[in-house]
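With the hints as extra help, turn the sequences into a complete structure.
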Amino acid sequence: MPTSIEVLPAPSATTIRELFNRIAPVYDDFNQQLSFGLHRIWKQMAVDWSKAASGQRCLDVCCGSGDLARLLATKAGPTGEVHGLDFSAAQLEVARQRATQQWNAAPIDWIEGDALALPFQDATFDAATMGYGLRNLTNIPTGLRELYRVLKPGARVAILDFCQPQNPWLRQFQQWYLDNVVVPTAEQWGLTEEY
Numbered sequence: 121m122p123t124s125i126e127v128l129p130a131p132s133a134t135t136i137r138e139l140f141n142r143i144a145p146v147y148d149d150f151n152q153q154l155s156f157g158l159h160r161i162w163k164q165m166a167v168d169w170s171k172a173a174s175g176q177r178c179l180d181v182c183c184g185s186g187d188l189a190r191l192l193a194t195k196a197g198p199t200g201e202v203h204g205l206d207f208s209a210a211q212l213e214v215a216r217q218r219a220t221q222q223w224n225a226a227p228i229d230w231i232e233g234d235a236l237a238l239p240f241q242d243a244t245f246d247a248a249t250m251g252y253g254l255r256n257l258t259n260i261p262t263g264l265r266e267l268y269r270v271l272k273p274g275a276r277v278a279i280l281d282f283c284q285p286q287n288p289w290l291r292q293f294q295q296w297y298l299d300n301v302v303v304p305t306a307e308q309w310g311l312t313e314e315y
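Take the position in the sequence shown, starting the count at 1, then add 120; the result is the number in my numbering.
It is worth saying that the hints were derived from the structure and are not from the lab.
The C-beta atom is built at its ideal place from N, Cα and C for all residues, glycine as well.
Heads up, some of the hints might be wrong.
Unchecked claim - Across the chosen pairs, the derived CB separations fall in these ranges:
id, residue 1, residue 2, range
1, T220, P131, 30 to 36 Å
2, Q221, R276, 24 to 30 Å
3, G274, V303, 41 to 47 Å
4, G197, G274, 32 to 38 Å
Here it is as structure tokens:
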């Protein structure tokens, strides 16, 4: 007998912003614990895929606490330029504090802004990244168009995110992981409502 499935409305941009402002103080430690530290390898891979190089202008959209932006800054070097954009003021404050510990890298301009209306001219950037932000956009096609718009011809963007696996075994493992690792970990951190 078929059962009905309740489809919840997508969260608003305001709800998403409030969530990331709330979790900013523990966001990095939470990611470290949930990924068993693998997020650092994945982020380095994303920056490598972006082909960012010395002297280039780079953009990290949905930069959060700034991990990818700082990796881009290392690739761009002191003659490059990096912009980290996020709409969570609290995440950007964490990013600013952490960036002061970096040497021999491009300066990073931290911008509070909307990934759906990037505040840059067309064809501005040589490379771009987005880590775990695509799923939080309220309009993914618009966000992707904006990224494309601000990239120079031939530039690359590397988007790092999770998706629902097509393989049934992987999908089952992902659900088990969410139920048995993510939710209990969120409860330990006092983030039950958020996760």
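Verification of the supplied hints:
| no. | hint | result |
| --- | --- | --- |
| 1 | T220 x P131: 30 to 36 Å | holds, 32 Å |
| 2 | Q221 x R276: 24 to 30 Å | holds, 27 Å |
| 3 | G274 x V303: 41 to 47 Å | holds, 43 Å |
| 4 | G197 x G274: 32 to 38 Å | violated, 20 Å |
The structure is inconsistent with hint 4 alone, although it conforms to all the rest.
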